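Could you put the whole structure together from the sequences, leaning on the hints where they help?
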Amino acid sequence: MFLPILLWTDALVFLLIAVAGAFAFHASRHEHLRAPWRRVLRSPAAMSSAVVLAAFLLVGILDSLHFRPAIAVGTESQMAARLKGGMSAQAWAPEVKSALDVLLERMATRKERTYSAPLATHAFSKETMELPGGGQSREFPRLKFGGAHLTDPADDWSGDILRILLRGVALALVIWCALTAVLLVAVRPNKTLNIGEFADATWKGNTDVPWRAVLVTLGVLLLVAVPAWHLSANYHVLGTDKVGQDVLYLSLKSIRTALVIGTLTTLIMLPFAVLLGMMAGFFRGWVDDLIQYAYTTLNSIPGVLLIAASVLVLQVQMEARPELFPTAAQRADFRLLFLCLILGVTSWTGLCRLLRGETLKLRELDYVQAARAFGVSKWRIMMRHILPNVMHVILISVVMDFSGLVLAEAVLSYVGVGVDPTMISYGTMINAARLEMGREPMVWWSLASAFGFMLLVVLSANLFSDAVRDAFDPRVSVVPRKTRFVLRSQRAGN
Amino acid sequence: MSEVLLSVKDLRAWIDAGAEPLRAVDGIDFDIRRGETFAVVGESGSGKSMTALSILRLLPEAAQIVSGSVMLDGRELMGLPESEMRDVRGKRIAMIFQEPGTSLNPVMTVGAQIREVLARHLHITGTDAARRVVQLLEAVGLPSPAHRAAEYPFQLSGGMKQRVMIAMALAAEPDLLIADEPTTALDVTIQAQVLDLLQDLQRQRGMAILLITHDLGIVSDMAHRVAVMYAGRLMEVADRARFFGAPGHPYSRKLFESLPGAARRGGELAVIPGQVPALTEDFRRCRFVDRCGAAMPVCREGEPAMTELAAGHSVRCVRASDLATTDGAAIGHRSAAELGHEPPLVALLKVSGLKVHFPIRKGVLRRTVGQVKAVDGIALNIPAGRTLALVGESGCGKTTAGKAIIQLIDPTGGRVELDGIALNELRGETLRRSRRDYQIVFQDPYASLNPRMRVGDILAEGQLALGDSRDPAVVAGRSAELLRQVGMAEESLGRYPHEFSGGQRQRIAIARALAVRPKLLVCDEPTSALDVSVQAQILNLLKKLQRELNLSYLFITHNISVVEYIAHEVAVMYLGRIVERGTVAEVLGAPAHPYTRALIAAVPRIDAAGARPVVRLEGELPSPVNPPEGCHFHPRCPQVRNECRSKYPEAVALSETRTVHCWLHGV
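Protein chains in written order, with the working numbering: chain D, 400 to 893; chain V, 235 to 901.
Honestly, I wouldn't trust all of these hints.
As the list claims (entries may be wrong) - Subject to a maximum C-alpha distance of 20 Å in a straight line, what follows is the list of computed SDA-like cross-link-like pairs (lysine to any residue):
| hint | chain 1 | residue 1 | chain 2 | residue 2 |
| --- | --- | --- | --- | --- |
| 1 | D | K777 | V | R667 |
| 2 | V | K596 | D | D688 |
| 3 | D | K525 | D | K641 |
| 4 | D | K603 | V | A253 |
| 5 | D | K777 | V | E663 |
| 6 | D | K777 | V | P685 |
| 7 | V | K243 | V | D691 |
| 8 | D | K496 | D | T821 |
| 9 | D | K777 | V | S668 |
| 10 | V | K596 | D | L405 |
| 11 | D | K760 | V | A681 |
| 12 | D | K760 | V | P685 |
| 13 | D | K777 | V | G662 |
| 14 | V | K243 | V | L287 |
| 15 | D | K496 | D | K603 |
| 16 | D | K760 | V | Y680 |
| 17 | V | K243 | V | L314 |
| 18 | D | K777 | V | R704 |
| 19 | D | K777 | V | D691 |
| 20 | D | K777 | V | I643 |
| 21 | D | K760 | V | I643 |
| 22 | D | K760 | V | A723 |
Unchecked claim - So the derived list for chain V, only partly shown, Cβ under 10 Å to chain D, looks like this:
| hint | residue |
| --- | --- |
| 23 | L642 |
| 24 | L683 |
| 25 | M687 |
| 26 | I692 |
| 27 | Q719 |
These aren't lab readings, by the way, just hints derived from the structure by calculation.
None of these values were measured; they are calculated from a predicted model.
For glycine and all other residues, C-beta sits at the position ideal for the given N, C-alpha and C.
Structure (structure tokens):
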């Protein structure tokens, strides 16, 4: 039994997915919209990064399915008392969990006391221990969970790791083969081509859609994920942090925060930037002056201070009304949403400026003049002639901002005005790890994990958006490639 | 003089473009002798520029030279190591480009850029170099050269920049100068100056010139020998006299026939049907066969070899010799059929005192400190079904005038009357409704269609805004009808503009303008971005539409031969004002204003080569911010008098249809 909880950001994430789905449906029914996406499908880099992005998205969505589990209320008499008191028969746990938490339960619950290195069996620092026979000694204590099943870690450790790894790799290969088979059957273009031929074509990279790239990326992903999953049963794959939490768990939980900040913020800022930028460029005159003054002023206020002020005001307000937030998660979530909002308000100026310049250029073009000669209304010209022609600028800027926003969150969390301290994010991870960089020996794994995961998200998003931009630009059609040409006569001679 | 300087054999340069290579240059052979001008003519995309770049081995990344040899003075250039090739470039072979604006480094002074060449190739530095720079700038006719050498490119006008480019090219005294469309970006009067300069320099220094151009007029003026290039191959090589007297290849003949001009008024221009074949094809037939009127089955059986018709005249055509004997009169003698009945001459458009001034604002408070008088009081009338050509050099305000007439720019003063309604007084919804009566066709067919809209949507836009019906079926039907009207297939409705060639795009742009059934069409240089054969198609189309729909055209152009072909009346603009106006025969036959005379004389022509009067204008168009006192033209006028300097001349009527603003025709 559980009580589903829809947090604000969950709702917006699902809305975003629904809109994307609706657009995909719309595009699939219109040939001229489908054609550029088909070009995206043909790009190996785009397809590979799409697989990685999809994996991240899956984690993010799983982490967005929130609920409160039921807790045992106790004896029947207690239950009767509750009923009498007007309360429901079922009681719900105070903490909100997500589907991902359930999947990663073993990582979440097995907490060590403090730092431990990746795959370690002993703690990272020496502790003073009471010897059974009295007296004390300073040594590295065994971890409570990491490698706890080993009787003699010094001898058994490497063998155990190797065994688990091999098992993981074998399983990964099995899963990969199964997925490959399913994929090949599902996407086989026409039924006349037999499956062997299609597999052969895929292997040689001769298919229309680069399935080979997809399968290779999927394979690499599985080869990393499945052994890691197996290892996580007995070890902390990426070590533990200061309070003994599993770093892999933290990294996976941070994905949702990063995706939410990266997407919702741009979603909030887009209407401002697009509308105001296009208006400034198209109407010129006093509208332009007003919008320019607005964003110049906003730009000259130090962003961090503005955000800090807003967040602090919000914090005070939230503390004054605790009844609005039944759980800590809901409070943290509201703060995240507010952070997206305020980041959106402060970050629209860059795109707005870009779009103003682009619109200034476009409005002088002949086709806009021709539309004006038809007496087409200004809004219609903006929607039909300007907007589609600045779409690539928006697309690129959104993806570039994505990484910038994920980083901005880290900075803000450091100042203490970012996400709620209880919220797991790359920002809080980096912030916590930052202090340990000066330690000797260095605690590197928290920072490295956050770095690696963020790099992967941003890089795949960048590669994907590059392909999308190229596909949507009608002028780019030639793919440069270096081959030596051979003349007919020379060919005949050979 | 007849010693061969550069010899090109079987040169092929291909571009990597997906599955099949693009055979941009596909096996060409020619020789250039010392001191001669060898012109390569061809339409855009025929591989002219690629040929020049191949000779210098300066091809873009995606292209490569597949085979061939280029011998300079008996030395093979293709096998030379890059370091030695750098000594050839600039020192033995120099090149000047089409766009002087982008060929000079904007952050280096002109002198420094020339000194770089001197130091690299002749090892001249210091004061010697400075002296050489001044000499060179003097040689290319730049006024006050010592002063100019210290200036930056942005301080020079287009014509002056091209002179600097020529000075740079000449710095190391090359044996061969490659001029790739050297005057295409310049106005006719400036073009005439630059071409004269090139000829003078060639006479003095005896260097050879490889002239690449699309303009047969320039070829006729400049060239000793001519090569015609088509789809990567040379189709004909001949002496100038021979080429213009008796062109051998059907393609060359068609090119001549598609040239507009006075002789073809009333008739249709010859068009070359179809399009240039895709260069990805590995041709095993004559590459012109699909468009050739004289094609025979044998033409498809293999690519014809060069046939020598006479000494120094060879043609790549199997029928060259029998075609040459059958008709010598193929070019230029189509009888000028008389115009049909004269339509009644009620003025449809009446413009009087039209002014467009742009304020120049400065400072924090954006105060107006001056006016750019782009259009400064022009008057013109166009009767229904007639064409008025507005002629002038760039910057004279002709496009601004056109846009002000159709109310895309608010006029500062004056009156624009269409069918008795004063357009400049209309506002809001009435102005919007009136827009169906006047439309515009732009110069650049690549910028005038929204790349993100399908042709169907482009054609529907005007109908939805102003048309009779918004019913999708009616709109779609009308769009299809429009496409048929401009000679295009209905299937084009679902396609995007980038799938069409320049000529097809211009047809779409014309169809878009016609969608609301206008009475007046402003054509803003509709053919200047197109090749000659495509231009002929568009001009034919415009004439046909005028006949069928009784359209009036305001035809804005700088091309005199187009005016001769299409216009009934002509108005010549200089610095925001009309200096002369009248029928085409009057104005172009016997120009009264010195500017008109100079303008007409500056146009290179293929017919009366050498016989035309030489009126060369000095200097360039003054700025419209601060026009000269008195007659605007007096600083450049060869017949300037005292009164010209003090007072702008009033209009003088020379005949019923003709007025001129000039003191020479004083009262």
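Evaluation of the provided hints:
A threshold of 20 Å between alpha carbons decides the hint, and for K777(D) with R667(V) the separation of about 15 Å falls inside it, so the pair holds. Under the criterion of a C-alpha separation no larger than 20 Å, the hint pairing K596(V) with D688(D) is consistent with the structure, at around 16 Å. Taking the CA atoms of K525(D) and K641(D), the gap is near 14 Å; set against the 20 Å cutoff, the hint holds. A C-alpha spacing of about 17 Å is found between K603(D) and A253(V), which places the hinted pair at or below 20 Å, so the restraint holds.
Distance restraint check for K777(D) and E663(V): the Cα-Cα separation of roughly 13 Å lies within the 20 Å cut-off, and the hinted pair is therefore satisfied. The suggested pairing of K777(D) with P685(V) holds, with an alpha-carbon distance near 19 Å, which does not exceed 20 Å. Annotation: proposed proximity of K243(V) to D691(V) is violated, straight-line Cα distance about 50 Å (limit 20 Å). Between K496(D) and T821(D), the direct Cα distance comes to roughly 13 Å. Compliance with the 20 Å bound is thereby established for this hinted pair.
Pair hint K777(D) plus S668(V) holds up; C-alpha atoms about 17 Å apart against a cutoff of 20 Å. With a CA separation close to 57 Å, the supplied pair K596(V) and L405(D) exceeds the 20 Å bound. Straight-line distance between C-alpha atoms of K760(D) and A681(V) comes to about 12 Å, which keeps the hinted pair within the 20 Å bound. The suggested pairing of K760(D) with P685(V) holds, with an alpha-carbon distance near 15 Å, which does not exceed 20 Å.
With a C-alpha separation of about 12 Å, the suggested pair K777(D) and G662(V) falls inside the 20 Å cut-off, and the hint holds. At most 20 Å may separate the alpha-carbon atoms for a hinted pair to count; K243(V) and L287(V) meet this at roughly 15 Å. Proposed proximity of K496(D) and K603(D) is contradicted: the alpha carbons are some 45 Å apart, above 20 Å. Our distance criterion of 20 Å between C-alpha atoms is met by K760(D) and Y680(V), whose separation comes to about 15 Å.
Between K243(V) and L314(V) the CA atoms are separated by roughly 16 Å; this keeps the pair inside 20 Å, and the hint holds. Between the alpha carbons of K777(D) and R704(V) the distance comes to roughly 19 Å, so the proposed pair stays at or under 20 Å and holds. Between the alpha carbons of K777(D) and D691(V) the distance comes to roughly 17 Å, so the proposed pair stays at or under 20 Å and holds. For the given pair, K777(D) sits about 15 Å from I643(V) by alpha-carbon distance, which is consistent with the 20 Å threshold.
Pair hint K760(D) plus I643(V) holds up; C-alpha atoms about 17 Å apart against a cutoff of 20 Å. With a C-alpha separation of about 33 Å, the suggested pairing of K760(D) with A723(V) is violated against the 20 Å cut-off. About 6 Å separates the beta-carbon of L642(V) from the nearest beta-carbon of chain D, less than 10 Å, and the hint is met. Because the smallest distance between the Cβ of L683(V) and any Cβ of chain D comes to about 6 Å, under 10 Å, the interface hint for this residue holds.
This hint holds: M687(V) has a C-beta 7 Å from the nearest C-beta of chain D, less than the 10 Å allowed. Using the Cβ-Cβ criterion of 10 Å, the hint placing I692(V) at the interface with chain D is satisfied: the shortest such distance is roughly 8 Å. Violation of the interface hint for Q719(V) is found here, the shortest Cβ-Cβ separation to chain D being roughly 18 Å, above the 10 Å cut-off.
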